[in-house]
Amino acid sequence: MTRIGATASMLLLAALGCAQEEAATAQPLDTLLQTCAACHGPEGQGVANYPRLAGLGERYLVAQLEAFASGQRENAIMKPQAASLTAAQRQALARHFSGLSVKPSANTGFTNINEAGRQLAQRGRWEQGIPACVQCHGPDGTGIGEDFPALAGQPARYLQDQLEAWRSGKRAGDPMGLMTSIARSLKGEDLAPVAAYFASLPAVTESGHE
Amino acid sequence: MNKIVIIVVTTCAFLAGIAWEAGVFLAGDRPDYRAESEALPPSPVEAAPAVPAVSGPATDPGPPPRSAMPEGPFGDMVRKGERIFTHTRDEASAYVGNDLNCRNCHLDAGRYEKTAPMRAAWPKYPAYRSKNDHVNDFAERLQGCFMYSMNGKAPPRGGEIIQALEAYSYWLAQGTRAGEKLQSKGFPAIADPQQAPAYDRGERVYQDNCAFCHGADGQGQRAADGSIGFPPLWGARSYNWGAGMHHVDKAARFIKAAMPLGKPTLTEQQAWDVALYINSQERPQDPRFEGSVTATANRLHQHGFSQYGKTVNGRVLGENSPPAGTVP
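Line order of the protein sequences matches chains A and B.
Just so you know, we're using this note's numbering here: the first sequence kicks off at 1 and counts up by one.
Just so you know, we're using this note's numbering here: the second sequence kicks off at 1001 and counts up by one.
Here chain B stands alone, though its shape is the one from the complex (with noise of 0.2 Å):
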């Protein structure tokens, strides 16, 4: 008895959303989610928001917010954390090899869900990777960032940085479960380029968007404190041909979801033009470099997203690089 009722009564509920949801599609009526949010001054942003909006998984809540860090001994490691990911080179200095921080390619502290946000990351954790040929921890994972993304050196395990680094990466993380594959993780996938990505085109994109900011030489800019204000793009003081953003289609997909910062409106294929032209500049050796271009190659670079060994403008990408695990 109890049954048929449960059975009717979600029946009836089940009807009845169909009926609400019908009626509301019918009546053209479905509420204006704009009008809880201020009305802009008439401007063109009306008919097309220059910022696209983010369209999360709707199964995923995000990380918590800042405001919600606990307080006492673990808090205090999660700020730590934070504070190291945002402030990379002077926090672990003796780590960093060059001129970047975590966060110039994991946006917003790690947060931004296009930019491999740390919350989707912290669950993928154990896993094998092809890199390096085993299943490596999310202690592993961070030191690999060190050493290809920042140029530098592994920070020991159990040490603060990693410690640190992972309290932060938890917290971020926390209502996901253990080997989940949140939509958010990595970067946006983009659709292959209905042609060859070009070197001509993409220094063309990189000249008109990019160079304003990181510079006609793909050095970047200081800040007028001395600090970076602008990441270098290639050369000693960028991440080496070991970094996951030296391959094109990583690149591409992280440009086309965040650059130009602020107003990421470039297309697919200029996406991957830019892409091809900035990581086919000379940039720190590859820190598995076993003394010959070729082999180093042969051995790690097959993948087709790669430019090491390639040449370009006469000249072997890897013969010319500057050392890799620059730190000061």
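The shape of chain A in the complex, shown without the other chains (with noise of 0.2 Å):
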């Protein structure tokens, strides 16, 4: 009796779970998108300081929300979206901004190419093992394969809390720590201009420059 008991229990809240799920995944995309669209504008494309979500890799813009969920990315904002969202409202959601095209207008408008920061994301820093941003982000920080962001034409701002974040803890999960370490590789005085080397360039999608 016991056991059928338990069973039951069991059932009743699988079945639970099961509604849930489908309520959650039966609102409507446009809806989810509206909460993004208040930062993130309606395309995609960034607004001030938040961070463009058009072309990039699906796997990662959910490994992100992920994050965001887990709290292994650290965000006020995010990680009460992220966490009220199913795993399909995720992936929905990175398939939807993975797919749009970027914008010129994405482009924060910088005109001046930040020397020191160029150095750093084009070579690097060998005599301490540092390797170029580019050699993962892809030449001028457009981005490789699903799993290696865009960089190029993202706010200064954003690329500089990220580089904080990594280097201070507040942003791990990094497949075998390669940013944690490249980041706390860095020196304070590095993180403004490599940032600003990326927001100047122009982001483009994988069709090439727009």
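No wet-lab data here; the hints were simulated from the structure.
It cannot be assumed that every hint is accurate.
[What the hints assert, rightly or not] The calculated label-pair distances, taken between Cβ atoms and stated as ranges, are:
(1) B:1180 with A:79: 56 to 64 Å
(2) A:100 with B:1291: 51 to 59 Å
(3) B:1313 with A:122: 38 to 46 Å
(4) A:127 with B:1133: 34 to 42 Å
(5) B:1217 with A:99: 23 to 31 Å
Even for Gly, the Cβ is constructed at its ideal location relative to N, Cα and C.
Two independent chains are provided; combine them into the complex using the hints.
Structure (structure tokens):
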């Protein structure tokens, strides 16, 4: 009897879980996108210091939503948003933004190229074993594959904040700890120039310069 | 009289030096080099730097800074050489038969001291090489890179590609002496493996540490602009069965020194295992192939570090090789 009761309870819980999942999934993508648009813009191009999502790898975007939800990537705004999403919703949102093309306006419009930042981004600092940023983020920071996000044209403030978060541990869960390791090898004075350099580069989609 | 003064002065200076060293040592007051660089925020890095400091030979100042490249025709040739070195597929496309560039193995455009820097290669030539059983000058050595590592064809001697790469290497090597064996030559030595390198362990190391960039299938990844993001490590678009990197020991030393990029933290055993795994996959045929894998293996691959001609997973490596020298 006890065993039957326990089994029945489990089935009931499972059924409730499914019902919840379905209810959440049933929330239309359009409704969710309105929330995203408040900070990331209606077409995911980014607004002010909030980053562009358009054209980033689908797998990368899913991983970020998961990291926000779990707290591996600390962010007071994104944590409750991401935590309220089902796995299917995360996937759907990631697919949506990944599929959007990058608009030229996403470039924040720098004209000065930051020379110190360019050195570190394009050459690295191999005397200290630090690779060039572009070795993993692609030539001119336009990203590689599903997992290495584009940096080009992202807001300088956002990029600098991320480097600081990697250094302090507020952003973690990077594959093999690569980004944490590299960020911690950088000097504090490196962050602003390298962030400014990538912010100054034109954002492009996979089909090339828009 | 003068000689005595010199001896006395020298001796005093020597003793003073010892006393200073001893004083510093005893006082426990050795200057902290970290004080010069900005302190990091509190993090695990303070206890254990994630990227090990480069400890080069104290006597070699290393290559000149890029900013010191000269103006004029010679400087132009040096710059051309650097460009070929970093964008080999674009700048020497008629001679490159795979998806590699020189800089993929010679990091930092051939400057990084742990990955066979050109500064150390230049003063080693001309030299006898058992690989082709005669004395090679630097130009012929460069031609070999194109035939094997780049799975392509040798650019002509005296042509601009070889001349530019020579100019770049010569410029990087300034201050070295002819015949000098710099400590930084090749890849740093590593200890022999404690256990014989094993394919299965290597596969696990690969999937855990390499696949994220180079792909589970070893075929690398393209960047968003279509250029090579992460190079392929085996298959038709990688180095061929005649390249130095196909030797398990050489690959293990490179991997230990440089991979994963930016955080080379594999153990020596892991480096050996994964080098065996990578070099137990098919790759383009040895350009010296004579129509039979067995004969080619017997003639060229009997040094113990080549998997060519060996049976792995029921297949003889070299029997299913894509062709050598596949320049488009």
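Status of the hints after comparison with the structure:
The hinted range of 56 to 64 Å is satisfied by residue 1180 (chain B) and residue 79 (chain A), whose Cβ atoms lie roughly 58 Å apart. Checking the proposed 51 to 59 Å range against residue 100 (chain A) and residue 1291 (chain B) shows it holds: the Cβ atoms sit about 54 Å from each other. The hinted range of 38 to 46 Å is satisfied by residue 1313 (chain B) and residue 122 (chain A), whose Cβ atoms lie roughly 41 Å apart. Judged by the Cβ atoms, the range 34 to 42 Å given for residue 127 (chain A) and residue 1133 (chain B) holds: they are separated by roughly 39 Å.
Between residue 1217 (chain B) and residue 99 (chain A) the CB atoms are about 25 Å apart, so this pair conforms to the stated range of 23 to 31 Å.
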